[in-house]
Structure formats: C-alpha cells, structure tokens
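Enquirer: The listed protein sequences derive, respectively, from chains E and B. Here the numbering used here is used: the first residue of the first sequence is 43, the next is one more, and so on. Here the numbering used here is used: the first residue of the second sequence is 23, the next is one more, and so on.
Hints are computed from structural coordinates only; laboratory data are not their basis. Just so it is clear, the structure is predicted and the values come from calculations on it, not from any experiment. Cβ coordinates follow ideal geometry from the N, Cα and C atoms, glycine included. Be a bit skeptical, because a hint or two may be false.
When the alpha-carbon atoms are kept at most 27 Å apart in a straight line, the in silico DSS-like pairs for lysine-lysine are as follows [unchecked claim]:
#1 B:Lys155 to B:Lys194
#2 B:Lys285 to E:Lys123
#3 E:Lys123 to B:Lys434
#4 E:Lys123 to B:Lys194
#5 B:Lys353 to E:Lys230
#6 B:Lys219 to E:Lys174
#7 E:Lys123 to B:Lys25
#8 E:Lys230 to B:Lys261
#9 B:Lys219 to B:Lys155
#10 B:Lys261 to E:Lys168
#11 B:Lys254 to E:Lys174
Computed spacing ranges between beta-carbons, pair by pair [stated by the list, open to error]:
#12 E:Ala300 to B:Pro168: 25 to 35 Å
#13 E:Arg236 to B:Glu257: 18 to 28 Å
#14 E:Pro125 to B:Glu257: 38 to 48 Å
Spelled out from the first residue to the last, the chains are:
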Amino acid sequence: MTNSGPSDTGRFPPEEIIMHRIAMYGKGGIGKSTIASNLSIAFHRLGAQVMQVGCDPKADSTYLLTGGKELTPILSLVRDKGPGVPLSLMVTKGEEGVWCAEAGGPPPGMGCAGRGIVAALQELDKADAYGKLSIDAVVYDVLGDVVCGGFSMPIRDGYADSVVIVTSGERMAMHAAKNIAEAVDHFKDRGYARLAGIIVNKRNVPDEERKTEELAKSLGTVILGVLPFSRDVQVAEEKHLPVLSDNPSSPVSVELMAIARRLYGQA
Amino acid sequence: MDKHKEVMMGECSFPSPFLESLEYTPPARGMWNIVHIGMLIPESHQVFICAGGCLRGVVLTAAEMGAEDRFSTVSVEEPETIDGSIEENLVNGVIDVVDRLPKKPKALLIYSSCIHEFLNVDLDRCYTLLRKKYPVVAFTDCYMTPIMRKSGITPDEKMRMQLYSLVEKGEKDDGVTFLGDVLPLSRTCGIVREVAKSGRTYREIPLTKNWDEYQELGRSSVFLYANPAARKGAEELAKRIGGNLLYLPYSFDPATIRENGRKLSTLLSVKEEDEREWEAKIADASHLAKGFSVAIDYTATARPLSLARLLLSHGFALKRIYLDAFGGEEKEDYEWLKEHGKGIEVIKASNPSLPFDRSREEQENVLAIGQKCAYYEHTSHFVNLIADSGHWGFEALDNLAAEIVSAVREKKDTESIVSVKGWGCKV
Chain E
43 MTNSGPSDTG RFPPEEIIMH RIAMYGKGGI GKSTIASNLS IAFHRLGAQV
93 MQVGCDPKAD STYLLTGGKE LTPILSLVRD KGPGVPLSLM VTKGEEGVWC
143 AEAGGPPPGM GCAGRGIVAA LQELDKADAY GKLSIDAVVY DVLGDVVCGG
193 FSMPIRDGYA DSVVIVTSGE RMAMHAAKNI AEAVDHFKDR GYARLAGIIV
243 NKRNVPDEER KTEELAKSLG TVILGVLPFS RDVQVAEEKH LPVLSDNPSS
293 PVSVELMAIA RRLYGQA
Chain B
23 MDKHKEVMMG ECSFPSPFLE SLEYTPPARG MWNIVHIGML IPESHQVFIC
73 AGGCLRGVVL TAAEMGAEDR FSTVSVEEPE TIDGSIEENL VNGVIDVVDR
123 LPKKPKALLI YSSCIHEFLN VDLDRCYTLL RKKYPVVAFT DCYMTPIMRK
173 SGITPDEKMR MQLYSLVEKG EKDDGVTFLG DVLPLSRTCG IVREVAKSGR
223 TYREIPLTKN WDEYQELGRS SVFLYANPAA RKGAEELAKR IGGNLLYLPY
273 SFDPATIREN GRKLSTLLSV KEEDEREWEA KIADASHLAK GFSVAIDYTA
323 TARPLSLARL LLSHGFALKR IYLDAFGGEE KEDYEWLKEH GKGIEVIKAS
373 NPSLPFDRSR EEQENVLAIG QKCAYYEHTS HFVNLIADSG HWGFEALDNL
423 AAEIVSAVRE KKDTESIVSV KGWGCKV
C-alpha cells in the first residue's frame, strides 16, 4: 500500500507497498469473480505480489487467471491428505503471476459452506501462505452475501482490511449491497474490515448511475468506479482471459485500472 | 487378520497400523481428561459452554472429584445458533457465573465447544469483552471440540499448553520447572534428585497449592519436559518468558536414560548419578512372571514400544500391545520390535468389538500393564501405571520391576481401580 500513489510509470515504488487485502461481496452473478480477477491483475501491474482466494464452494473464482484450468480446492486437499497440506498444492501461479487459491466446500446442499471457508483460510494461515510468497495484496472473492459467521471470516481481523461491494442498478443487487453494508456496519466496533466503497457493474437499467449514487450516499460510502456494460469482457471470457489481459485498452480495462489505483490509494 | 482391530507386529505399518473405523472407549477411566488437567491451575474456575447433552461427561467428572465449586456450565440452545446471539450467550453466561461466585477466582478457564467452531464465533472479541469486565481475573481459552481432535494440535497438547498460558514472566532465579505432566514426579527420580543436588529450586504444577506458587513456575531459568504431548506448550512458555528448555523423554531404553542423565547433569553442572541396579530387579521380576503372558497398553506410558522392547528383551512373554497409533518418536523401537517381536499382537485399543472378543472369565495367568488392557484382558494381575505416573529414568525401571513383582504376587480389584476417573487427581 502506498501513501503517495503511483509514480509516472504507473507502478508503486516497492518500498511504498505494504500488505493490502480486500474482500469482495455482492449479489450472486453480479460479476464479482470477473472483477476480482481483473483487479488482481491490476494490482500486480501496480507492482504488488498478489493472491486471489476464491471463497465459494463452486471453486470457480480464479478460472480467468488460470486460463480456465480448474484448481483443486483447499478443502478437497484437506479431505484427501489430512490437515497440514503443503502450500505448493494449495496455490497455483496464474495469469501475469497472480497466485490463485480456491477454498472449495461441500457438495451443493450438503455440509456447511461457511465452516468450509473458515477451515480453508485457517489452512492457508497454517502454511504461512502470505508470508512465504511475500504477498502484498490479497483479494478474497466471497460468495454473495454475509449470510453467516463463516462468510464473515474474510473480513475479520487478520484477513481483509477493506470490503468492496459489487452491484448494478438492479433492485435485488442493490438490496444485497445494503445487506452487506449492514453486516460490515454491524461489525464496526470489532476492528473488522471497513467498507471501502462500491463498484458499479452496469447492466444498463434505467437511471442506473443515479440509483447507485443514491445507494452509496445512503450507505455513507463512495463509488469506486463504474464499469460500462461491455462486450469486451465477454469476448475475453470466451478465451478464458481477464479483459485486462485480452484487451488492455478497452474502456472497461481502463476503468478497472483506475479502480485498482483508487483502492491502493485509500489506505 | 482384521486391520480394523488387530495386526501382527511383524506385518504392521508405521505410524498408523489400523484402518479407521467405529471407535469405543472402555470404562477404564484413570487417564486425566480436560477437566482434571485444568484443575491443576490453583484458584481457578472452569466454565464449559456447550449444548446440554455434551456437558454430561464433564459435569460428572467435576462431581466425581468433588470439584463442583470450581466448575460451571453455560448451556447453548437452538435459538442462539439461529438468531446470532451465540457470542452474547458466551459472554453473558460467563458474566453470570462470575457474578454468582462467592469470591472472584484468580483465573477463569473458558471451554468453548464445537458449535462455536461451526458458527465461527469471534472468540477473541469475547475474551476482550470479558477481560475488560473483569480486569483482575486471568482468562484463558480452552476447548472441548471433539470434532477437531484429529486435525492440527490435539486437545491433549492444547490443554497442556493452556495449563501454562497464565504464567507470567517473573523475576528470574536459577530454579528448574518441570512441565507438561499431571502427576508429580517421584521424589526419588533422577530429575528431582539432580535438581536437589544442584541446590536449585524445583517446581512443577502438580505441587502448586495457590496462585502465587503457580506464578512462581515462571521464575525458573530452566524448563524440562518428558512427555511428547507437552512439547508445544513447553516451547511456547520458554519462548514467551525466556529460559533454557530441555527435552528429557520418558524411555525404558537404558542408553536413552543414560543420555538424558548426561544432558541434565551438564545443564545443572552436577556430577552424574550412579546407575541403579535396575537390571537385576527387572531380571527378578521377569523370573517371577514366568508363566504369565503379558499385555500392555498406551495409557501406561508415553513410550509403549520402548516398554515393549524392554520387556521382550528381558524375557517377559509379551503377547499383546493395545494402542490406536504409534507415537512419532517410537520409530526405532518399532523397527526393533518388527524384527524381534514379529508374533506380538498389536490390537486397536478403541475397537468396539473388543469387549465381546475377549473371554468374560477372569484370566489367571495374564499380567497387564495399563488400565485399558487390564480391563480387556479381565485380569487382576495388573500394574496401574498411568501416563508414566511420575516415574522417570532408571527410577522408572526400578518402579516397574517392583510393580510387576507386586502384581504377580497379589491380585488387585481391577474394576474398582479402573472405574475411578482421573486417577490421582485431587482438588
């Protein structure tokens, strides 16, 4: 993290980078994993060693960073090999050098996904993942809403410092955003992560920018960036690539880089 | 042979000789549990927070040892798991307990449970609130989480660690603190004698009678431990408050015992003790036990394979070893036994079919070392050794020989002995 912002080259001087960790929440299907993967690459381009941790039993957060390759989730490794899984099995180096990990979880409709996230994050801690890989930035890509204690794990002391909510101007997405902000506010006296702001992933609904600005105002937070609805993202995804890698000059890529800089400049 | 319950020594694998299966605990209850161990902290009070049904065992433990006044429970019910109030249940429950006590305890041991893990309760926050509410009380986190017992640090290791978590760094002297065991070391064992010879103060938690004496444990500049389960706690304490740490493992191997003695006398700068005449005593015991088949179990000692090797190499008819897995430090003895004790039956101590497999008739010519095998073997010729019972070094060999002689000559009332929970634990 930096106090003075990027240099003329667009990269932060190494001495100004300290550990920065964000947790991304938002309604299911809103584009969290796509945005998380692009932000991970953006942070890496700004000079950070980055890890993205998928916190979803589906274990598909990082597929854009691995060229579509499926990672073996941490919980599957624990099930097969027992606790104390070697770090080299839990993490994979992906697109542009971003370290990728997937928490995983039980099969749909079974077990406890929240407890799974807790166990997976503790397994990464036990392996000293962030220390051994000299990680400067972590992006926790969390399934949907803060629905139970397990899903609050990424925003607890020792994990994320900042929460970023992804929403569109659609009613249900904004409703989910309010719930997430409420949960973050509920934990404000506990030293958990604070709300850094909202990323608007436009769906081109009427009055979308006004609605989301009002939402941000009502939640006492800021809009970190507005991503235009873009075919470029879909084209890149067809190639199993983040748009920042496939089409760095696309307007959506430019905005993603700007959001990354803003997030870096906040701490 | 059924690898869920038994395997011959010559054919078993290390460190897990058995396949996982349903488990059973026999009513041989002399081993200490988390309630007994926690009671070693003087002037402390325990609060267990759990679903009512799971509290039954610990409540009975406390009642059986007459420690009801040092023990409380807070029940977790279904609404707390749904409405988000489980942290308040913990904090307010403990506050309610403390406020009802006639006198504030020096320390509170809070035992959280599986449900707190399932719901990802922020225990750090709970302890912060409690410490703020009662700044004069020392709090430590303990756990009754059986679902976690096979992952990471074991409950036994954790409990032995938390036992010293409240010891503060005091003004240092040249004392020696022995860590990690629940029964006091024998006054005639090498460690106690050598420390006395050095003129240093000897300390250990079972000897502490009050909070001040407990805190004195931290004044020592030398820390010793012998039980492998105490390693993590001993390392944590020595690192936190400073001091030399030396591991002097329990062993029935004369060479290891000699090596331990050398290390200890060097550290304390005293002359090494002369070796006792243990060999003649073991030989006499072996001669007397002719005609007895011998069985041992893992509750008797931290080093059951070392014990097995000693017995086999001194003429005892060792037939069976009861355990669930081999300890990591027993590899050398395991290799020796694989070669020299191929025919020994290794039996899974937690196998649920054991009570039905063995004869219900009392066995006249079986000598058992350890409570579990005494129960399974239906014998009254039994050495009541529990987790080494405070016997260390050559003194442990002397004691073993004497106990075997006694067990061969005189029958014990096995049932009445093994049914006592936490043998030797006093409030």
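Enquirer: Within 27 Å, alpha carbon to alpha carbon, are E:Lys123 and B:Lys434?
Expert: The hint is violated at about 45 Å.
Enquirer: Straight-line Cα separation of B:Lys219 and E:Lys174 no greater than 27 Å?
Expert: violated (47 Å)
Enquirer: Is it true that E:Ala300 and B:Pro168 lie within 25 to 35 Å of each other by Cβ?
Expert: violated (51 Å)
Enquirer: Go ahead and decide if the range 18 to 28 Å is satisfied by the Cβ distance of E:Arg236 to B:Glu257.
Expert: The hinted range 18 to 28 Å is violated for E:Arg236 and B:Glu257, with Cβ atoms some 36 Å apart.
Enquirer: Regarding the pair E:Lys123 and B:Lys25, is the alpha-carbon distance no greater than 27 Å?
Expert: holds (20 Å)
Enquirer: Checking one constraint from the list: CA of B:Lys254 to CA of E:Lys174, max 27 Å. Satisfied?
Expert: holds (22 Å)
Enquirer: May I ask you to test the hint 38 to 48 Å on the CB atoms belonging to E:Pro125 and B:Glu257?
Expert: This hint is violated: roughly 19 Å between Cβ atoms.
Enquirer: Tell me if the straight-line CA distance from E:Lys123 to B:Lys194 falls inside 27 Å.
Expert: Violated, at about 45 Å.
Enquirer: Under the criterion that the straight-line Cα-Cα distance not exceed 27 Å, is the pair B:Lys155, B:Lys194 satisfied?
Expert: violated (31 Å)
Enquirer: Given the hint that B:Lys219 pairs with B:Lys155, test it: the Cα-Cα distance must not exceed 27 Å.
Expert: violated (46 Å)
Enquirer: Is the hinted pair B:Lys261 and E:Lys168 satisfied, with a Cα-Cα distance of at most 27 Å?
Expert: holds (19 Å)
Enquirer: Could you grab the alpha-carbon distance between B:Lys353 and E:Lys230 and see if it respects the 27 Å cut-off?
Expert: Roughly 52 Å between the alpha carbons, so the hint for B:Lys353 and E:Lys230 is violated.
In this structure, the hints that do not hold are numbers 1, 2, 3, 4, 5, 6, 8, 9, 12, 13, 14, in rising order.
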